[in-house]
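Read top to bottom, the protein sequences are chains A and B.
Position one of the first sequence corresponds to residue 1 (the working numbering), numbered consecutively onward.
Position one of the second sequence corresponds to residue 365 (the working numbering), numbered consecutively onward.
Check before you lean on any hint, since a few could be wrong.
With a Cα cut of at most 16 Å, we get these calculated EDC-like pairs of lysine to aspartate or glutamate [to be verified]: (1) A:LYS209 / A:GLU21; (2) B:LYS503 / A:ASP357; (3) B:LYS501 / A:ASP112; (4) A:LYS129 / A:ASP112; (5) A:LYS273 / A:ASP333; (6) B:LYS454 / B:GLU569.
In case anyone wonders, no lab produced these hints; they're calculated from the structure.
Treat the numbers as computed from the prediction; the structure is a model and nothing was measured.
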Amino acid sequence: MDHSVSIRDLSLSFGNVRVLEHLNLDIGQGEFIVLLGPSGCGKSTLLNCIAGLLDVTGGQIFISGKNVTWEEPKDRGIGMVFQSYALYPQMTVERNLSFGLRVAGMDKKEIDQRVKRASEILQIEPLLKRKPAALSGGQRQRVAIGRALVRDVDVFLFDEPLSNLDAKLRSDLRVEIKRLHQRLKNTMIYVTHDQIEALTLADRIAIMKNGVIQQLADPHTIYNRPTNLYVAGFIGSPSMNFLEGDLIGGDQPTIRLESGTTIPVGGYEFETKPKSGSTKAVLGIRPEHILVGEAAASMPYQEDVVIEIVEPMGSDTLAYTTVGGVSVSARADSELDLKAGQKLRVGFDPGRGSIFDVETTNRL
Amino acid sequence: MSNPAQLSTNVALDAVDNKGMRLEGNHGPRPKPFFTPKRIVLYSILFVACLYYLFPLYVMVVTSFKTMPEIRFGNIFAPPIEFTGEPWVKAWTSACTGLTCNGLNPGFWNSVKILIPSVLLSTVVAAVNGYGLVNWKFKGSEIFFSILIFGSFIPYQVMIYPLVMITRELGIYGSIWAVILVHTIFGMPILTLLFRNYFASLPVELFKAARVDGAGFWRIFFEIMLPMSLPIIVVALILQVTGIWNDFLFGVVFAGTQNYPMTVQLNNIVNSAQGSPEYNVNMAATILTGLVPLIIYFISGRLFVRGIAAGAVKG
């Protein structure tokens, strides 16, 4: 078995509330998996189950091929990093790092060696004699990572480790975690509600909602080929534009919007060829796939519109307008110098979008 | 006693007010006279309240240093003309408590012998209870806690007879151990509540981190939780020290004549039927008995308030 972590049919309920239901997940050796979802979706609960901090109601958990469903956290070969750092306030950094090793009864020399190595990797050697209260947020989180590092575990579990940090530090530490992963090549499971973290760090992302994994795929697939409406709307900022209408199948399938506008979707790769009749469907187009001005000329669908609102974002500009009777946002080059009230042509290629069935919300 | 604290709070509030004003209207800080009507009323009330509580103490102290003839003369508010320490010595060493005349001295040591084990035992057990109830929830732990809390509403009197029987069956009735056991039992509800609330206010992630690090029940308790609970331990100690020191009922029922605590012996001195009442000795004895809780409050007042506040958050 070459899976690092395997979750089989996992269920968990608190009283009558079912948090996780029949959840399956296989994580490869050295893979970086991000569990992404809004708060209350069960992602942290799942992580706690893997760590052994919650007793599961049903199912099994395997780590490195061993069934650890009922093992103590310490016997699972996992290390965990928490959002609030969870450093022991009365101990120095050094003692924080070595606590787990001292509990395990390791000899002093080995402990010192491991603490030294971990603090080198994380560049926290000058802090070893300090107490956590005398550290900044970023330093505290490094120590917390170090605590998992010294124990030489197979699997790292991160529970929203960057959520308490400010934006600048967050992106710094994000890069550092990625570097750490490339260096150590451990399996890492990372819980977050921040899609940027998910997209930048993950080998694969598991998007969760109501205790169910909606889609498990690499960031590129998640972003470009979302499996259902929920994933499509959750990933991406600003979120995907949704144009709802009737999908009319046939040799040249089109979507007719409520306003009567028809959009040819012949270039779209359907998962299954649409039936010849008409079905309620939603066409999703990312803001950056709606081209503005001259660039729109080569697009299969074009329309002349009036720009309503302009939001300059620095590197690019968000333009809000109406296409086919629906409000949409388009990401345009900031060089275009758009102005509200400006009339110009926009266009997009439906082939780059996603089409979902309205009833099942699944990708067509 | 609480005046300095009050003052500093006021000052802090004023500072906040000023800041708010500056933000709103760009005013400079408005100069405030020290004697505003509000303050005059406030301090008058505080002053009267202080007098009300301190005056009896004053009378006691003054009386305890007077000779008996001077006391019979009247003028209970006047300071002693002929200053004497004799009543204090007598109260401590030779006042009659029932049949023996050794003063409060043996009673003091009895109280100490009851106090120290009772306080330590009840605090430690309650701390473990609170920790278990918060971090190692078991099936029915909430119900267990509710029953425990309910226990604090049952009047002591109802429990005394059953407890007498229990301690008799255990063979410790009429000994110091019976009093210690009873104090530990009756301290449990309130102390457990204190510790539970305090531990519940600590981030649960610390506990999780320690478990991932491989620490078990006792190691987490001693190495992680206890070092963080100094404020609440101080509160528990103060509550128990004063409560147990001031106890009369359990001492008189369970301790047996040899082990009567100070409060019981004080009562025996004051209520002794023989001879005319020696007010000066009574006063000295009363002050001596009250001295321990008084000192505790003086030393730890500030810590106490902080700890109570820490234990109050999160129910």
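Item checked: Proposed proximity, A:ASP112 with B:LYS501 (alpha carbon, max 16 Å) -> violated, 36 Å
Check: Does A:LYS209 pair with A:GLU21 here, judged by a C-alpha cut-off of 16 Å?
Finding: holds, 11 Å
Checklist line | Pairwise hint evaluation, A:ASP112 against A:LYS129, where the allowed Cα distance is 16 Å at most | finding: holds, 13 Å
Margin query: Would the hint linking B:LYS503 and A:ASP357 be met if the CA-CA limit is 16 Å?
Written below: violated, 46 Å
Next item on the list: Assess, step by step, whether the Cα of A:LYS273 is no farther than 16 Å from the Cα of A:ASP333, and give holds or violated.
Entry: With Cα atoms ~35 Å apart, A:LYS273 and A:ASP333 exceed 16 Å; violated.
Checklist line | Holds or violated: B:LYS454 to B:GLU569, with C-alpha atoms at most 16 Å apart | finding: The given pair, whose Cα atoms are some 59 Å apart, is violated under the 16 Å limit.
Hints 2, 3, 5, 6 from the earlier list are contradicted by this structure; the remaining hints agree with it.
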